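J.: Sequence:
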Amino acid sequence: MNSFNYKTVGLLTATLLVGSVGINGCTNLDDKVFGSLSSTDATQGSIRLDPVATLQGAYQALNPIANSQGRAYALQEHPSDEMMGPTRGTDWDDFGVWRKLHQHTWDSQHIEILNAWNDLNTGAFRASQAIFAAGSNTQLVAQAQFLRGFFTSSIVDLWGRVPVRQVTDAADANPAVLSRQAATNFVISDLRAAFNVLPAYTQATANVASKEAAAAMLAKVYLNRAVYNQSPTTPAGPFTFAKADMDSAVYFANQVIASGKFALAPRGSYYDNFHWDNDQRSKELIFTIQNTSTAQPGSVQNRYFMTEHYNQYIGAWNGFTTLADFYNSFEATDERRGAQPADLTPATGITAGFQVGQQYGPTGPAGPVPLKDRSGNPLVFTPQVNIALANEVQGIRVVKYLPNPLTYNNPTNDYVFLRYADVLLMKAEAILRGGTDPQGQTAATIVNNLRTTRGATAASTIDLPAVLAERGRELYWEGWRRSDEIRFGTFLNPVDQRPTTSPATAVLFPFPQQAIDSNPNLQPQNPGY
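In this note's numbering, the protein residues as written are 1 to 529.
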């Protein structure tokens with residue numbers, strides 16, 4: 001096993017390390033490659049890096065996205081139309097961090113913006129280290145390129161510009177900063193290089209970068225490229241979706257579909273995708289964090305603790321809710337709205353999906369036992385909620401990852417980043433935006449097949465607003481909603497507890513003040529802050 005010396009730098013002042021990335025064209029697009037440094041350049045320094053351990057460090061940088069209700073996950077969900085964090089008396093105030101995200105009133109001092117910035121730049125930094133440490137090991141390089149593309153695409157999505165450091169730069173040099181468009185090209189270069197080299201997906205290794213995972217990410221980046229190419233002065237659009245980009249999104253979605261390795265969960269099994277045995281039950285999972293009975297690096301416990309009431313079976317934190325309008329967008333027959341899994345609900349009273357109305361504990365001899373709140377009143381979740389002054393029962397709760405009644409404190413549910421239904425919906429959207437499918441599928445066929453599989457009725461019209469609505473119903477609370485709303489032009493619209501249209505500058509977050517203080521090249525600050 002080879003190892004290389006490497007310069008160390010501060011993570012706030014140096015983030016993405018630019019290196020050599022070779023690609024073979026999958027479409028007619030010509031994507032520029034950024035940087036041209038050999039592994040020899042990476043040997044100048046004082047710390048020796050083991051290639052495998054360094055790559056593992058890059059994978060571990062994914063964990064904060066999963067095992068926290070804040071950070072990058074919160075930035076994608078709370079500002080959207082499907083999540084809010086009400087303050088309940090003295091609970092969940094947290095200096096207003098959750099309210100500010102939902103109401104689009106954040107600033108450069110917001111702690112979750114800083115946390116997400118550090119997390120994602122740490123991931124990109126570690127992936128760059130792994131690329132150089134891997135030397136001529138093409139498989140390790142490809143995995144690291146995928147991870148760097150994954151992390152950097154999130155930085156592009158949330159902040160626009162991306163700081164970069166050449167390996168040969170002095171440790172105290174201020175990193176240069178790529179424009180949003182240049183950073184997007186860099187991401188595409190990384191992901192396409194990874195796609196060309198990575199092995200095919202296997203169910204047993206869904207937590208490792210694969211050709212299909214790279215293809216899914218490429219479809220996502222190409223679909224968003226019009227947003228990322230937008231001028232910084234008009235970040236909210238209108239956007240021009242190039243046919244070449246939409247063709248590329250279709251192409252890479254088809255690579256996932258044609259692999260034959262994935263399938264939608266059959267009717268009645270939607271929540272198998274988030275079950276504590278989802279690694280065995282689901283054929284939709286493309287890229288995950290693996291959690292086992294002995295290790296939960298990407299623990300999903302926070303996903304149900306952050307929403308369930310104190311007196312429910314798991315004794316949770318009684319926090320976040322969905323919006324009534326979002327809940328009302330589901331048909332009553334749509335299994336994604338709610339279910340009572342046989343291995344969950346009788347033992348705990350907890351239902352999957354959206355929880356509204358009277359809540360119950362485990363089923364006893366006389367049937368389900370109604371629960372009470374802390375004052376002894378019936379525990380009835382109400383659709384109405386005041387984000388600044390809520391009581392303990394206001395708001396519709398959401399349970400997507402199912403808590404194992406026996407091991408809910410040590411959940412074995414694998415955390416899902418990319419799954420098959422998302423790829424299908426991306427393909428449908430790209431077709432509606434002008435992409436051509438060589439397979440001849442239509443957006444209506446794709447979306448209605450998904451809808452009927454989930455128990456909803458086929459829609460008579462499938463247009464872009466219908467696709468956005470379907471993405472919400474399919475992918476709610478999975479960390480994609482803010483990006484989707486921006487692309488469809490609805491992100492700034494008023495929603496419950498945010499009564500006015502937000503300024504266009506809310507499309508991008510401000511660079512954390514600490515980051516600007518460390519690297520003046522991040523100036524000017526994003527417009528509006």
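Everything labelled a hint here was simulated from the structure, so no lab data went into it.
Be careful, since some hints might not be right.
Unchecked claim - List time: in silico DSSO-like cross-link candidates among lysine-lysine, alpha-carbon distance up to 30 Å: (1) Lys261 <-> Lys211; (2) Lys283 <-> Lys211; (3) Lys211 <-> Lys243; (4) Lys283 <-> Lys261; (5) Lys243 <-> Lys261.
This one's a predicted model, so the numbers in the text were calculated from it and none came from an experiment.
J.: So if I understand the rule, the pair passes when the alpha-carbon distance is 30 Å or less; does Lys283 with Lys211 pass?
T.: holds (16 Å)
J.: Quickly compare the C-alpha distance for Lys283 and Lys261 to 30 Å and report which way the hint goes.
T.: holds (7 Å)
J.: Starting from Lys243, check that the Cα of Lys261 is at most 30 Å away, please.
T.: The given pair, whose Cα atoms are some 28 Å apart, holds under the 30 Å limit.
J.: Would the pair Lys211 and Lys243 pass a check requiring their Cα atoms to be no farther apart than 30 Å?
T.: holds (24 Å)
J.: Hey, Lys261 versus Lys211, does the alpha-carbon distance stay inside 30 Å?
T.: Answer holds: Lys261 to Lys211 is near 12 Å, not above 30 Å.
Checked against the numbered hints listed earlier, the structure breaks none of them; every hint is satisfied.
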